[in-house]
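Chains as they are written, first to last, in our numbering: chain A, 1 to 524; chain B, 1 to 318; chain C, 1 to 297.
Keep in mind that the hints were calculated from the coordinates and are not lab data. Model, not experiment: these values are computed from the prediction. Ideal Cβ positions, reconstructed from N, Cα and C, are used throughout, including at glycine. Hints may be right or wrong, so weigh each one.
[As the list claims (entries may be wrong)] Which residues of chain A face chain C? A few of them, derived with a C-beta cut under 8 Å, are:
hint	residue
1	L280
2	E317
3	E391
[Said to hold, decoys possible] If we take Cβ atoms under 7 Å as the criterion, some of the chain C residues that face chain B in the derived model are:
hint	residue
4	A54
5	P55
6	P57
7	A190
8	A192
9	C193
10	G194
11	I200
12	R203
13	P207
14	L226
15	T263
16	I270
17	V274
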Amino acid sequence: MTILKHSRRMLCGAAVMAIGTFAALPASAAQFTCPNKGGDMVFGQEAQVAGLDMHFSSAISARNVAMHIYESLMTRGEDNSPIHELAESHEVSDDGLTYTFKLRPGITFHNGKAMTSADVLASFERYQKIGIDRATLEPVESMTAPDPSTFVIKLKNKVPVFIEQLSSFRVPIVILPAEEAAKEANQIEYIGTGPYKFAEWVPDGFVKLERFDDYVPNPAFEGKTGFGGYKVACFDTVTFRIVKEPGARVAGLETGELQGVEDVPTKAAERLADNPDIKLIPVENWWIHIAIVNQSSPPTDKLGVRKAIQVGLDMEEIMEIATDGAYTLNHGLQYPGNPYFVEGGKEWYNVNDKERAKQYLEEAGYNGEPVVLLTNSDYTNMYNAALVMSEQLKDIGINAELKVVDWPTSRQERDNTDNWNLFFTGFGTGPSIGPQGAVVDLVPPANLSRAPENPELNDAWSRMQLEETFEGRKAAFNDVQTIFYENAYAIVMGDIQKVQAVRSNVEGFVPFRIPRLWNVWFEG
Amino acid sequence: MIRFIAGRLVSAVPVILLVTLISFLLMKLVPGDPAMIIAGLSATPAEVEHIRQQLGLDQPFLTQLLTWYGNLLQGDLGQSLLLGRGVTTSILERLPVTLSISFYALFLTLLAALTSGTLAALRQNTWIDQILMSVALIGVSLPNFWLGLMLIILFAVWLGWLPSGGYVPFLEDPWGWLAAATLPAVSLAMLQMGLLARITRATMLEVLRQDYIRTAKAKGMPPWVVVGKHAFKNVMIPVVTVTGIIFSLLMGGSVVIETVYSIPGVGRLMASAILRRDYPVIQGGMLFVAAMLLIVNLVVDVLYAWFDPRVRYGRDGD
Amino acid sequence: MATEAAALTRDESWLARLRRNRVLRRLRQHKLFLTGFALFAIVLVMAIFAPLIAPLPPDEIQFRHRFEPPSLEFPMGTDNFGRDLLSRVVYGARLSLEIGFTVVLLTGLFGTAIGAAAGYFRKLDNPLMRVMDALMAFPAILLAVAIAAALGASAVNAVIALAAVYTPRTARIVRASVLVVREMEYVQAARACGATNWRIMRRHILPNSLAPLIVQLTFIFAYAVLAEAILSFLGVGPEPPTPTWGNIVAEGRQYIREAPWITLFPGLAIAMTVLGLNLLGDGLRDALDPRMRVQQG
């Protein structure tokens with residue numbers, strides 16, 4: 001299994017752990033072929049697609065669909081390490097400043113045009129202008145396309161994590177045809193190089209994709225891995241149907257109107273467990289449930305009050321009610337099993353010591369100032385967690401006030417007002433990309449916790465990016481996580497699972513952050 | 001008649017102007033921000049600001065208002081912030097969905113309401129009357145979203161007869177459409193059914209007391225002929241007048257019902273636009289629905305005036 | 001009503017009392033009115049004595065008693081937080097009636113003021129009624145949802161939204177009856193005798209517009225209870241965990257198959273209240289003026 005032809009050259013080489021968890025391949029190690037072709041795969045997804053311009057969206061709902069249409073130079077494998085996709089290989093110069101990508105030959109876009117380095121260059125230039133995560137390309141000095149199959153990036157300064165960032169699928173740098181890349185945000189035709197091509201979109205209804213017959217799978221792989229690998233479209237069409245109502249999604253799956261769904265409510269999953277027509281596919285570590293603590297707004301400006309909240313909580317009760325049981329207790333800002341998973345600050349997680357909490361409150365001179373828990377009604381598990389937490393805080397004598405608004409309003413209040421002490425959110429995609437993504441919201445300049453300047457944190461944060469070795473970066477991340485816990489920047493509650501499910505005649509479906517419908521087929 | 005219609009049209013102008021203004025002002029009070037929704041769960045403030053600029057949400061209030069009216073004059077309701085297409089397109093492509101279900105609901109309403117109302121009137125104060133009118137009253141009193149959920153449980157989950165949601169275009173698959181549209185149409189129709197059944201009954205009772213009906217009956221005409229030939233025609237007048245109200249109820253109801261049944265219609269478009277702060281869609285959608293209702297009411301007025309010439313004169317703008 | 005109104009000017013208090021008595025007698029004989037009264041009374045008692053009836057505080061989380069089906073201990077079962085549903089539904093009655101009543105009060109106040117002004121002062125008629133027409137051009141629920149969403153989800157904003165939606169409908173009814181009464185001979189006579197506008201309005205016009213207003217407000221009470229539930233259901237009503245009926249249904253919707261009782265009981269409570277109010281409205285209409293038909297929507 002030669003997943004990474006060029007792993008030695010990758011600076012994040014240490015992140016490349018043993019891969020082998022994905023699709024059980026035949027012993028002959030032959031490349032994947034569809035045991036059965038055809039059919040319309042109808043997948044029920046929970047959220048409206050807000051736009052399919054991937055340079056301009058970080059929404060999961062968009063990624064669900066768009067990852068089937070578009071591809072990038074590099075993406076992430078099953079264990080989240082960077083792999084090549086449209087790039088055949090890449091080299092880094094000895095000074096670490098020049099990245100030379102060789103493109104895979106014979107790639108065509110859905111409009112029939114061959115992909116060349118001119119398209120790559122245009123796509124990167126577009127991303128530099130409008131890409132949401134264009135900070136990734138901040139250190140770029142120049143980009144050139146010396147010949148049709150070569151793309152060169154020169155950096156101003158050395159960025160050891162450049163490839164990790166470049167391969168991120170949060171807001172992926174997907175490759176568009178040059179003429180599309182000349183267009184404004186959200187104005188493009190949806191043309192990519194992926195195994196499925198865009199067919200029809202009825203907003204609020206569905207997005208339909210068709211098999212792209214001229215797709216060339218990546219011969220460096222045998223099967224799928226992460227968002228890359230040897231991808232084959234087995235279905236004639238894939239329909240992402242927007243079904244917001246969880247009950248309707250489950251019912252649709254049961255009746256066979258839908259062949260696959262995301263986000264089955266836990267209670268329904270318990271019931272479906274015995275249904276022979278349905279396969280439940282839990283995605284562990286969907287997101288880290290977290291409440292950000294406001295360090296500039298009283299009374300949580302006092303460390304004592306923050307520590308009281310931290311040690312007074314029973315995470316098991318919070319997570320059980322928040323998710324109806326679909327959770328794992330985890331202190332970390334990385335998921336267990338991730339290369340960067342560290343222990344820093346663990347002793348402050350799930351302490352559940354009411355007496356100690358009361359003592360902290362007394363020492364901090366707390367006398368009944370309201371602690372506002374700002375949560376939203378759109379994400380039920382955040383709302384549930386806040387409700388349970390507020391009751392637990394009342395038990396230790398904190399005057400907890402629950403403030404429930406819709407998600408956009410809660411974001412706005414978080415950013416523009418001081419009327420909150422705990423803000424409920426989830427770190428989902430960020431941690432899955434890597435430790436930088438996991439902590440970026442809590443360190444300056446974002447600094448959602450509104451913490452006073454902390455040189456120690458700034459130093460650890462820059463070490464996370466500039467340390468040459470994996471061990472060095474991991475140690476730096478451990479320092480950051482420890483600082484977060486010791487100063488109670490945020491209350492980590494645990495990891496949430498998300499249950500996907502398919503009909504039992506759907507074969508080859510392997511859970512991932514985003515449902516992948518390549519190398520998946522209908523049995524018989 | 002032409003003068004009457006012209007007068008009606010002229011009096012609609014200030015209302016339309018006010019409707020556009022209300023539509024615009026309403027959304028300026030909204031505390032949320034669409035940029036944040038596009039940015040997703042863990043976007044940084046800088047990202048959000050970037051999106052906001054891209055979408056022109058950072059423009060001053062007056063600029064946005066002038067742009068709104070300027071575009072409106074050109075028949076342009078603006079671009080959806082989230083759907084990647086024009087508001088007019090978004091509405092028009094969903095309109096057939098909402099209209100087809102609304103007309104289905106209207107058909108069910110008329111069918112059930114006229115027959116049960118007439119029957120109840122003919123059998124006044126018998127058990128038939130009481131049962132029918134109790135059902136009508138309960139229909140008026142049921143919360144439609146709850147009824148929708150209960151119907152899903154009963155017919156989709158327990159009995160498995162009908163799908164629990166979704167929509168199939170009529171032209172693609174008429175039977176599929178019928179299956180998918182039945183529960184939503186019933187949920188939508190229930191309120192109007194009750195309303196109209198009661199009106200039908202009351203009007204029918206009134207008509208049956210009229211002299212000419214009594215004469216017809218006295219002449220020995222069979223009751224069904226009396227009802228069919230004479231009474232029914234008279235009942236249609238009040239029915240026509242409540243059409244505007246029924247249409248308004250259907251449009252309002254579809255916001256809820258299309259959400260419950262995951263139907264990609266105008267109602268759901270509005271509901272999700274409101275929750276997702278897609279200002280142009282909310283403004284354009286409100287305006288569109290209001291304009292549609294104004295036209296319906298205008299047509300109703302004209303029809304009414306046609307039926308009943310007294311209306312053409314001396315009615316006081318009511 | 002016209003002849004009665006004319007008589008009223010002569011000895012108002014005596015005749016009014018007689019009329020009320022006749023109304024009361026009619027109501028006592030109106031079976032449906034009595035049914036409605038009984039239904040509404042049950043809800044009213046629940047609302048007033050909520051703390052006594054509810055076995056538990058409505059927000060008390062019982063980690064060990066989640067998803068209990070209806071039983072002797074929990075007559076309506078418990079929800080996903082282990083909160084007692086009977087307690088929540090009972091407290092929900094309080095909120096629904098509070099909201100409904102406030103909406104009725106505001107609608108009655110503003111609707112009467114606007115309707116009377118429009119009906120009585122010809123110059124105000126056109127501008128006022130055009131604004132009312134514009135507000136009524138939107139479907140009631142759509143406008144209410146939009147206003148509530150615009151202002152932010154809360155009980156107060158739900159009340160404002162509903163009052164804004166139903167005020168024009170009330171104003172129209174008041175205006176219509178004012179228009180009729182304004183032209184009555186006795187009002188003309190009073191004006192000729194030099195009575196002030198205020199006095200004419202207070203002594204003659206408003207009392208005679210009262211019957212249709214009361215009936216209309218009863219129905220508006222019913223709509224307000226329904227509409228508030230819809231607002232809550234769509235997530236723009238009073239913020240959760242406030243136990244409004246719409247919120248309970250919305251929260252229970254996720255568990256509709258595994259724990260249908262969470263959705264069932266609050267829905268029944270809404271239906272009972274609205275049915276009760278509709279029956280009350282019908283009875284009042286029949287008793288106050290059998291020929292009157294109230295426009296709904």
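Hinted contact A54 (chain C) with chain B - closest CB pair below 7 Å: Interface hint status for A54 (chain C): violated (22 Å vs cutoff 7 Å).
Restraint outcome when P57 (chain C) is required to lie within 7 Å of chain B by C-beta distance: P57 (chain C) check fails; min Cβ-Cβ to chain B is 25 Å, beyond 7 Å.
Let's test the interface hint: is any C-beta of chain B closer than 7 Å to that of A190 (chain C)? At about 22 Å, which exceeds the 7 Å cut-off, the nearest Cβ of chain B leaves the hint on A190 (chain C) violated.
Given P207 (chain C) as an interface hint, is its Cβ closer than 7 Å to any Cβ of chain B? violated (22 Å)
Should the hint that E391 (chain A) touches chain C count as held when the rule is a Cβ pair under 8 Å? Hint on E391 (chain A): holds, closest Cβ of chain C at ~5 Å, below 8 Å.
Tell me if L226 (chain C) is really an interface residue toward chain B, meaning its C-beta lies closer than 7 Å to one of theirs. This hint holds: L226 (chain C) lies near chain B, its Cβ roughly 6 Å from the closest one there, short of 7 Å.
Is the hint on I200 (chain C) kept, meaning its closest Cβ partner in chain B is under 7 Å away? Cβ of I200 (chain C) sits 20 Å from chain B, so the hint is violated.
Once the shortest beta carbon distance from E317 (chain A) to chain C is found, is it less than 8 Å? Since the shortest Cβ distance to chain C is 5 Å, the answer is holds.
Restraint outcome when L280 (chain A) is required to lie within 8 Å of chain C by C-beta distance: Result: violated, 15 Å to nearest chain C Cβ.
Once the shortest beta carbon distance from C193 (chain C) to chain B is found, is it less than 7 Å? violated (26 Å)
So, V274 (chain C) near chain B? Judge it on the closest CB pair being under 7 Å. Holds. Min distance 4 Å.
I270 (chain C) was flagged as interface toward chain B. Is the shortest Cβ-Cβ separation under 7 Å? holds (5 Å)
Checked against the numbered hints given earlier, the structure breaks hints 1, 4, 5, 6, 7, 8, 9, 10, 11, 12 and 13 and satisfies all the rest.
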